[in-house]
Amino acid sequence: MVGTELQSRRVARAQSAGDTDGLALRDVRRVFVHGRTELVALDGLTLAARGGEVLAVVGPSGCGKSTLLELVCGLQRPDGGSVRSAPAVLMPQRDLLLPWLSAVENASLALRIAGRSRSAASTSASALFEELGLDGFQDARPHELSGGMRQRVAFVRTLLAGKPVLCLDEPFGALDAITRAEMQDWLAGALAREPRTVLLVTHDVEEAVLLADRVAILSPRPGRVLDVLATEIPRPRTRTDPAVVGLRERALRALADGARG
Amino acid sequence: MRARALALAPAALTVVLLLGAWEAYVQIAGVEEAVLPAPHAVASTLWSDRSLIAHNFAVTAEEVVLGLALALAGGLALAVTVHLLPWARRAVYPLLVGSQAVPVPVIGVLLVFWWGFGLLPKLAVIALICFFPVVVTTVDGLAAVDPEQRKLLRTLDASRWQAFRLGELPAALPAALSGTRIALAVGVIGAFIAETTTPTSGAYPGLGREILSDVNFQTSRAYAGTAVLFAFAIACFYALALVERRVAPWSIQRREEPR
Ligand SMILES: Nc1ncnc2c1ncn2[C@@H]1O[C@H](COP(=O)(O)OP(=O)(O)OP(=O)(O)O)[C@@H](O)[C@H]1O
Ligand SMILES: [Mg+2]
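Chains as they are written, first to last, in the numbering used here: chain A, 2 to 262; chain B, 6 to 264.
In short, the hints are calculated from the structure, not lab data. Among the hints, erroneous ones may be present.
Non-contacting residues of chain B with respect to chain A, defined by C-beta distances greater than 10 angstroms in every case (computed) [to be verified]: (1) V107; (2) V114; (3) V141; (4) S183; (5) Y209; (6) E249.
Here are some, though not all, of the chain A residues that point toward chain B, as calculated from beta-carbon distances under 10 angstroms [to be verified]: (7) T47; (8) V90; (9) L91; (10) L102; (11) I114; (12) R119; (13) F138; (14) Q139; (15) A162; (16) P165; (17) A189; (18) G190; (19) R254; (20) G259; (21) G262.
Where chain A lies over chain B, by a calculated footprint (3+ residues, C-beta under 8 angstroms) [stated by the list, open to error]: (22) 37–43; (23) 152–162.
No residue lacks a Cβ here, since even glycine has one placed at the ideal position from N, Cα and C.
Take these sequences, add in the hints, and give me the full structure.
Next comes the structure, spelled out in structure tokens:
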């Protein structure tokens, strides 16, 4: 019940936030030049997310999902079409923790960059460390952490950047099934408390259906949007909910159809 | 501590074996001391002439340390400039490579005319020899930074300077330290070149010049001086390893990871 209440509050807030926190890609094309051959990563991709909306993106490997996120974050420019977005931060597919910083220093990197003192930055990160089961590892070096822990540190780093749009590139890919489920619950809860616009790239269709308001399905390269499924399932959602299972099957079928061309 | 001592054992054993073989060869073949002094003769000269050797060594050690410091300061500053300003790279890098073809001893002699008999021309010669490996490894280290890491710092809104300080600089530190190790190795021979090509007015000319003047009639003293330089190079190398452990512990951890 609490979940539904949070959900309605979240929708209200998302609407009040309006489109200032949203993003829109129109007819985007992105081409990489490899020597003499051209590789078209994205072609005619149109996609938009409202402020506060969680939009999942699923698609076959190499279809341009990471490229799409970098375009939204302004790390790449499109070769055609237009990209508009509120300030967005990227959580890259590889965790990219800096080996010369401790876990907590990595997590609070954005705060340090924004000019906060080392101790103030670490304090802010430490609260999230506790919530994500990283307590006690604040001073560990990245190479001393497991893959799943590194990913969670990278996740904290992304949250603390304080941008309205989060671009998450397979944020839970390196986690075991149990931790992944915990992290998904935690993310759902955190977004309910503090809505953000989320572009969630994932290989896991179930994760997309559990977390997202809508699921965009991309074609094989060159990537474009084949279909967008609205989830419209009340939160909190469970894996076994028939609505979740049904939508997961629909999404998988759409992906398979896309792969067949 | 015990592990540390054990780690040194192979090197110590090698030295003992080499010295033993050398001693045996001189004794059995009956080589004259003026041609090849036996280790025991070198050791006794090292002891009897310790004051002369120590004074000359102090001169050389000062030259190496100051010359290397000069090379490091200049080399790092140049590397950072070349990295941050692409046009500076195009303007300066070719000259840098060319500078290594200049016959350094000639420069040393010219600098003596210019700056006199003091320490300065010698430091310039040493620094000129040492700074090239520092610049090249540091520039390469800075350029080899993972482009994904640059993107990460950009998405966290780092300014150019912050990206440099938080990302590129620490990433390039291990490479810069490798360059420093090479610089150190050539620095000792650089001091020899500096001493033997630029005249001095000091009371002691330095170990390099001393060795050169001993080699004809005081062979065992030339060997004793060389042994001191040998030990000095090793000591400097390990001192640098200690520095690396402090300033770039992550690079050591990465190297020590089991394969
Ligand atoms: N910087 C680049 N230079 C050249 N080609 C690139 C570059 N970045 C991506 N590509 C190419 O563009 C295509 C899309 O890459 P992208 O990383 O966006 O795929 P993806 O959907 O994220 O794949 P995955 O699911 O495996 O992570 C790939 O074929 C890739 O080889
Ligand atoms: Mg990807």
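Results for each hint:
| no. | hint | verdict |
| --- | --- | --- |
| 1 | V107 | holds (37 angstroms) |
| 2 | V114 | holds (45 angstroms) |
| 3 | V141 | holds (22 angstroms) |
| 4 | S183 | holds (16 angstroms) |
| 5 | Y209 | holds (43 angstroms) |
| 6 | E249 | holds (13 angstroms) |
| 7 | T47 | violated (24 angstroms) |
| 8 | V90 | holds (5 angstroms) |
| 9 | L91 | holds (4 angstroms) |
| 10 | L102 | holds (8 angstroms) |
| 11 | I114 | holds (5 angstroms) |
| 12 | R119 | violated (12 angstroms) |
| 13 | F138 | violated (16 angstroms) |
| 14 | Q139 | violated (17 angstroms) |
| 15 | A162 | holds (6 angstroms) |
| 16 | P165 | violated (13 angstroms) |
| 17 | A189 | violated (24 angstroms) |
| 18 | G190 | violated (25 angstroms) |
| 19 | R254 | violated (34 angstroms) |
| 20 | G259 | violated (28 angstroms) |
| 21 | G262 | violated (32 angstroms) |
| 22 | 37–43 | violated (count 0) |
| 23 | 152–162 | holds (count 9) |
Hints 7, 12, 13, 14, 16, 17, 18, 19, 20, 21 and 22 from the list above are not met by this structure, while the remaining hints are.
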